[in-house]
Amino acid sequence: MRDEKNLNEIRAIIARHKLWDLIFVIIGVFVLMIAVLTFMALFSHMLIDGMPRLSWDFFSSFPSRRAGSAGILSAWVGTTLVMIVTAVAAVPMGIGAGIYLEEYASKNLITEIIEINVTNLAGVPSIIYGLLALSLFVHQLGFGQSILSAGLALALLILPVVIVATREAIRSIPVAIREGAYALGATKWQTVSDHLLPYSAAGILTGVIIGLARAIGETAPIITIGALTFIAFLPPSPFKTEFPFLSLEWLMAPFTVMPIQMFNWVSRPEEEFQANAAAAGLVLVVMTLTMNALAIYLRYRMRKNIKW
Amino acid sequence: MTVQPPTDTNSPGKLGYSYSRHVGERFIEATLFLMAFVSVAITLAIVVMLVKESVVFFEHVSLWDFLTDTQWTPLFDDAHYGILPLISGTVVSSAVALSVAIPMGTITAIYLSEFAPFAVREVAKPFLELLGGVPTVVYGYFALLFVTPLLQKIFPQLPGFSLLSAGLVMGIMIIPYVSSMAEDAMRAVPMHLREGSYAMGATRLQTAIRVVMPAAFSGIAAAYILGISRAVGETMVVAVAAGMQPNLTWNPMEPAATITAYIVQVSLGDLPHGSIGYQTIFAAGLTLLLLTLIFNIIGHMLRKRYREIY
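In order, the protein sequence lines correspond to chains A and B.
To convert, note that position 35 of the first sequence is 35 in our numbering; the numbers rise steadily by one, no gaps.
To convert, note that position 44 of the second sequence is 352 in our numbering; the numbers rise steadily by one, no gaps.
What the hints contain is simulated information worked out from the structure, not anything from laboratory work.
A couple of the hints might just be wrong.
Result set (DSS-like, lysine-lysine): computed pairs, CA atoms no more than 27 Å apart in a straight line [said to hold, decoys possible]:
1. Lys107/A / Lys188/A
2. Lys304/A / Lys433/B
3. Lys5/A / Lys18/A
4. Lys612/B / Lys107/A
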């Protein structure tokens, strides 16, 4: 009889513990649902407010005092140009640093300092990069409140992202590949450039896309270097009709970017401008989400295809 | 067997050694090293620049006033330079954000790592990543025009700008950072620990809380620290939704400026380079950097102390 009673007690304990498991699963799903619902609310709120404003005119008009005729021409052109500067500066630098840390660096103090430093840089608030750029690029080096300063500021910001992605991509290549190349007499750089870089290209690209997606949405550092919020002209064209055909004048031009344009409209009290903000936000979210989704897809493909 | 000297005229002499090839390799290595060193240069530049500009600021304002004055009005005629109101805004908004992000991030991480079926994880992880990719200014818009009106239905006295709604949205924004890092840490815990726990008759939840979480503690702590630095350094959500009035308060229902929001506010105006107002943003920035540095050091110490190696 006692055994039966014990058994029942044990069953009750097990049932209670299983119930807790179930309760936790419900809580977990619920929390995930909150994240999903928040995103839905955010997106649909912007869609309802901003959709009516989205038209060809919105993309091809300058900002205006009248909400109805204001557009994001100068903002998206500015964002594109700033991103070009950012990519040109951050991508080679980040990949080079990643290669060095993964393939060349010997285990010594300097390497360790660099490694700790890259980790810590990723935790520095973005607005601090803005202050650095304001002091260093805008005033010290005299680049002014230009596309060049903004692009470089964002390049510094995404550098750790590119470095970390490069290192992870290179690290996942088996040692046998390197040994094979060395056995055939390749130098270190030949091994890197002919084998490691091509094989890790997809991984590096993923990191670059994620970094640039982050840079597109960054507002704080660009406000800090003093981007203007009301720009009713375009920077000089990078293409010319006469000889070198390319001009770098645009680098020094004042500019605005998408998130700043949106911020400017959000902070106005009139409702019409907030509709503009919603429309600009919609464009911005679609841009960054597309880039992030592309990166996630690339990573997914990579994981499926690569079998060493 | 003897080694035949190569007959190739391009590389006479010693086998396998080419001077130009050697120099080229060295040059490439040096270039790559310089690229890696740029990251250190950035850190040095940040510190040097913040300190340099702040030194000028502290020639005008004593450190004592800076730390104890309860008003921050650098742009008024009657200028006061007390950082406390900005710090209180930063602390309150971060506290609200973390009280959302840390529990929800942890639950999400435990659920995804220990409970969720494969299919759920494959969908939820990329989704959370996308959520983390939404620009912060968009979250600011959401806080101001969606969350604040919603909260005003519950708390009718809530003003149009408040630390509460900015903090809540910031918290949701930070969840993906906390959850993905904590989940990585938990998944790195070796399977045999879990199996041992199951063999002793523990349920999944017991295993997760008493075995996996302690084993992954250093990684989870790192995730929390990252969340804290994000919250403290977050700019656009608070700049849009919490108002830009410095206000010494510990009440999340009030509007207040954070350190970051103040920097934005000054940058939007047109302060001449070298004026005292211009220097205030560097002093504020230095304070912000020190705050995040303190959290990073705590995190580093926690990691070192509780690191488990398998």
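**Prompt:** Taking each numbered hint in turn, which are not upheld by the structure, reported in ascending numerical order?
**Reply:** none
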